[in-house]
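**Q** Protein chains in written order, with the numbering used here: chain A, 10 to 299; chain B, 5 to 266; chain C, 46 to 391.
No incorrect hints appear here.
Now the stretches of chain B that chain C is said to cover, found in silico as 3 or more residues with beta-carbon under 8 Å:
no.	segment
1	121-127
2	172-179
Computed cross-link-like contacts, EDC-like style, restricted to lysine to aspartate or glutamate with a CA-CA straight-line distance of at most 20 Å:
no.	chain 1	residue 1	chain 2	residue 2
3	C	LYS156	B	GLU80
4	B	LYS95	A	GLU185
5	C	LYS134	C	GLU120
6	C	LYS160	B	GLU80
These stretches of chain C come out as covered by chain A in the derived footprint (C-beta under 8 Å, 3 or more residues):
no.	segment
7	153-161
8	164-176
9	301-313
10	351-360
I should point out that these hints are in silico values taken from the structure, not numbers from a laboratory. Heads up, the beta-carbon is just placed ideally off N, CA and C, and yes, glycines get one too.
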Amino acid sequence: MDQLLQHALNALILGGTYALLGIGLTLIFGIMRVVNFTHGELYSFGAYMMFMWVMLAGANFFLALGLAVALGIVLGAALEFLLLRRLRGADIDTTMLVMIGAWIALQNIEQLTWTGVAKSIDTPFPSSPLVLGPVSVSWNRLFVFAVALALIAASYALINRTRLGKAMRATFQDRETAALMGVKIDFIHTATFALGSGLAAAAGALLGPVFVVYPSMGDLASLKAFAIVILGGLGSIPGATVGGFILAFMEELGAGYISSGFRDGMGFLLIILILIFKPTGLFAQKERIG
Amino acid sequence: MSAGSGAELTVERLAIRFGGLSAIEDASFEVRPGEVLSLIGPNGAGKTTAFNAITGYCQPAAGEIRYRGTRLNGLEPNAIAALGVVRTFQKTNVFTGQTVHDNVAIGLHLRSRQRPLAILLGLPSVAREERQLAEEAREILRFVGLEARAAQLASALPYGELRLLEVAIALAARPKLLLLDEPVSGMNPTETASFMQLLSQIRARGITVLLVEHDMKMVMGVSDRIVCLNQGRIIAEGPPASIQRDPQVIRAYLGEKYASRV
Amino acid sequence: MKRWLTLAWLAFLVSVPLWLTDLYVLHVLIITGIFIIAAMSLNLLLGYTGQLSLGHVAFFGIGAYVSSLVSLGFEVHLLPDWLVRLEPKPVWFAMLCGIAVAGLSGWVIGKISFKVRGAYFVIVTVSFAEVVHLVALNWVELTQGPMALNNIPALRLGIPGLFEIHFLRKPANYYLVLAVAVLAYVLIRRLVRSRAGRAMIALRENEPLATSVGVNVTQYLVLATVVAAALAGAAGALYAHYVRIVDPDVFLFIYTVTMVIMVISGGKGTLAGPIVGGLIFGLLPEILRAAAVKPEVQWIIYGVLMVLVVYFLPDGIVPAVRRWWQGRAKASADGPSGAPAVEAAR
Chain A
10 MDQLLQHALN
20 ALILGGTYAL
30 LGIGLTLIFG
40 IMRVVNFTHG
50 ELYSFGAYMM
60 FMWVMLAGAN
70 FFLALGLAVA
80 LGIVLGAALE
90 FLLLRRLRGA
100 DIDTTMLVMI
110 GAWIALQNIE
120 QLTWTGVAKS
130 IDTPFPSSPL
140 VLGPVSVSWN
150 RLFVFAVALA
160 LIAASYALIN
170 RTRLGKAMRA
180 TFQDRETAAL
190 MGVKIDFIHT
200 ATFALGSGLA
210 AAAGALLGPV
220 FVVYPSMGDL
230 ASLKAFAIVI
240 LGGLGSIPGA
250 TVGGFILAFM
260 EELGAGYISS
270 GFRDGMGFLL
280 IILILIFKPT
290 GLFAQKERIG
Chain B
5 MSAGSGAELT
15 VERLAIRFGG
25 LSAIEDASFE
35 VRPGEVLSLI
45 GPNGAGKTTA
55 FNAITGYCQP
65 AAGEIRYRGT
75 RLNGLEPNAI
85 AALGVVRTFQ
95 KTNVFTGQTV
105 HDNVAIGLHL
115 RSRQRPLAIL
125 LGLPSVAREE
135 RQLAEEAREI
145 LRFVGLEARA
155 AQLASALPYG
165 ELRLLEVAIA
175 LAARPKLLLL
185 DEPVSGMNPT
195 ETASFMQLLS
205 QIRARGITVL
215 LVEHDMKMVM
225 GVSDRIVCLN
235 QGRIIAEGPP
245 ASIQRDPQVI
255 RAYLGEKYAS
265 RV
Chain C
46 MKRWLTLAWL
56 AFLVSVPLWL
66 TDLYVLHVLI
76 ITGIFIIAAM
86 SLNLLLGYTG
96 QLSLGHVAFF
106 GIGAYVSSLV
116 SLGFEVHLLP
126 DWLVRLEPKP
136 VWFAMLCGIA
146 VAGLSGWVIG
156 KISFKVRGAY
166 FVIVTVSFAE
176 VVHLVALNWV
186 ELTQGPMALN
196 NIPALRLGIP
206 GLFEIHFLRK
216 PANYYLVLAV
226 AVLAYVLIRR
236 LVRSRAGRAM
246 IALRENEPLA
256 TSVGVNVTQY
266 LVLATVVAAA
276 LAGAAGALYA
286 HYVRIVDPDV
296 FLFIYTVTMV
306 IMVISGGKGT
316 LAGPIVGGLI
326 FGLLPEILRA
336 AAVKPEVQWI
346 IYGVLMVLVV
356 YFLPDGIVPA
366 VRRWWQGRAK
376 ASADGPSGAP
386 AVEAAR
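Pulled out of the complex, with its shape left as it was, chain A reads as follows (with noise of 0.2 Å):
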């Protein structure tokens, strides 16, 4: 029983950041329709500027987590600007196979960059962790934990409560008619792809510390990002939040009691058993295959 709490309390945890992987990607492909394979480089590079920050610039923790964050969401404006404005009227495989070349492109600019050593980084946060009767949580990924919630918040607060949000909802549901009501639909675009870059980010710069960082940490990122949007639904935040939190459970149940080794695999294979039998996801907003 202490085991599954222990279990029950890291999947909640690891839930909140993998929801901020989900919600960043859900608004991006949702609203561009764009199978984004550099979001999971946007996650690594969010590790890696916790890495410079921290431990080669000396910066403050906190500090460089914010920055880590921004550069992301710059990353991602200079990588819609760049490569995707040109190709808005384009099938969707000509831009899956540009954000495919961006991926490989990008993962070994890194490893060329900081070679292929795990990296770890140092935290502020007291070593002993805090033991809740039964469970026990490290200050880190408490830490993670409630920045990640906050993130949440914050995105949630921005897609229903902003004018900006408000432009990206329109978007999403009719981009023609959005766009003859005067929404500016490029700058729409380029401040999806950064947002949803910048929650890679932050969900990188959260979990580098608590883990370590590779060059292809972002692959498996980048999947399970897709295995939640598809749970949750494409375009919907909430389902991208509950699909976040039900894949960290499965994975933390699974890897628990049935082998560590499969812990990877739980989320492809929600992805396979979703999309056969209830393709549109638990939330979906708008019925869509294809």
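Knowing the structure of chain A, use the given hints to seat chains B and C on it.
**A** Just chains B and C now, kept in the frame of chain A:
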């Protein structure tokens, strides 16, 4: 043409709804063998929706559609095509990246019996059938008047010829009931007149035609009977002469201009 | 003209081991040839049928693993008290098993792909490949996991008592791969130029129109996937019995990407495209390596190339060359109006 038990196509109490909206409600009509029946009505009356339901592109919420006794509700479009019911589309729809000849060749899909294994083995029967199909494609292109364009890419065709190509593709599927969705929209009077000719030749081949069209001159000229839809309901049915005088139709669609002629 | 060109090209390919003394280059050609077979199979699915399958390496790897396991024999506990054992079988039989199982998994993916289209299909196929990767990595009892399957026997063909060819050395393997590649090309060509091929192209170009004339979507998606998977499985089996070591890295996503680059840059939906793309991206790494370029830089170049190809040569190299060639022909001859168009998508 098929004598026997009455109607070719029966639509009974058809209802099609999207979310809360009712596109078609309680519509019943039939198409008789060998005739040309036209569906008219203002934009949004539900004509193309009816086509979509008949040919399997959307599912009726209620009602029955029967073709020569076989129930069409719930069948996939390709199964309905195999029964002999083929449609064209309202917006120009061809295989733009293929040549005119290949467009029609794709339309001949149901005519061919090649099995994958035979294809992979390269059996002579496959080559034989390919030659036959090529000849049939040429014949169809001759029939619609496009044989000169056979080797050109569909994307190179002018608008009027594209619409002819659409009809050619549909004819290749050997329909017994052909559903034409606004075939002359956008055509100039010459093209329309020659299309009307083509239509009478299609009739002469024994093909029953269900037509959706806005061009009143053509509708009145080719139709045996007309069914008028407005806001998803059938408001009138009958031969062209009586439709022209029907007050409901005039009010809904033909407008004051025609009303004053009555 | 075309026929002569093809025969000349074929004759050249056949002659290569006779004059090529550098065995390393021959090795590179063999591996490239195997990749070309895989790329041709992906082209059938991605290029002709328009299915965004990004899990193609799964079929390759399944072919490799199944063929290896059947030829090595194995012993595995499917349940704690249920031991399944297979004695080693002749390699030719093992290869056929590899092709069959790969084709079967293609059938499964084909069936799923009908329900799940476009971008979702991409994700399903990638996930499928990852799941298979993880199975290979973790089901150590069967696959040896990261320790790899070793000492995989090479193919032996022959009539007992009369003669036997043992495909152990490079020249023999070169001819084997060439033969399979030619066979694959012929099969794909036959398929693509038939009613089935037209149906696949129709589905890619305009599905509602295709169904309106009777094309059964599921049937042809499945057919395309099965044939593509079986051919990829054949490539995998060739690979396994040539390098004779197979480990889970054979399922790496990067190999799918390589195949995709080959198909897209060469020209998707053309018969020659994957061959051209395969030659370029099969030989490019070696040229770059000889120029002492680091592998990371090589991949960065690949990534940039992919983006550039998509921007500037969206149809790929082969159609661009064809257009240029026809442009020249048109310019030099006083062609009648309406000169024959490009042999589109052939």
